[in-house]
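In terms of this note's numbering, the sequence shown opens at residue 2 and continues consecutively.
The hints are simulated quantities; they were obtained by calculation from the structure and are not laboratory data. Heads up, some of the hints might be wrong.
Here are the simulated BS3-like pairs of lysine-lysine, each with C-alpha atoms no more than 27 Å apart in a straight line [as the list claims (entries may be wrong)]:
id, residue 1, residue 2
1, Lys37, Lys47
2, Lys26, Lys47
3, Lys34, Lys11
4, Lys19, Lys40
5, Lys26, Lys37
6, Lys26, Lys40
Label pairs and their calculated CB-CB ranges [as the list claims (entries may be wrong)]:
id, residue 1, residue 2, range
7, Arg21, Ser41, 24 to 32 Å
8, Arg32, Asn68, 51 to 59 Å
9, Lys11, Lys47, 32 to 40 Å
Because the structure is a prediction, the values reported are computed rather than measured. Ideal Cβ positions, reconstructed from N, Cα and C, are used throughout, including at glycine.
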Amino acid sequence: MTPAALGVTKDLEPHYRKLRDEEEKLREELRVKHEKLRKSLYLWDKLGRESRAWELRSDLSERSMKNLAGEGMGGAAF
């Protein structure tokens with residue numbers, strides 16, 4: 002919309018235009034920040050899932066090694 006259509010007088014047009022430009026700039030900065038936050042949260046979730054998967058693998062590997070060493074459920078065989 003043009004300033005005249007909104008009832009802005011000629012002497013206020015430069016100020017109105019400046020405010021509109023500032024608004025657009027702030028909206029773009031906010032959009033960029035939201036996008037960056039979204040990507041960071043996605044990465045955080047992904048790394049959390051990978052961490053839990055590696056923890057499970059480690060636990061299973063440790064349990065397997067104990068079973069091979071005879072420290073399994075039955076205790077000592079001799």
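| said: Flag every earlier hint the structure violates by its number, smallest first. | reply: 2, 3, 4, 9
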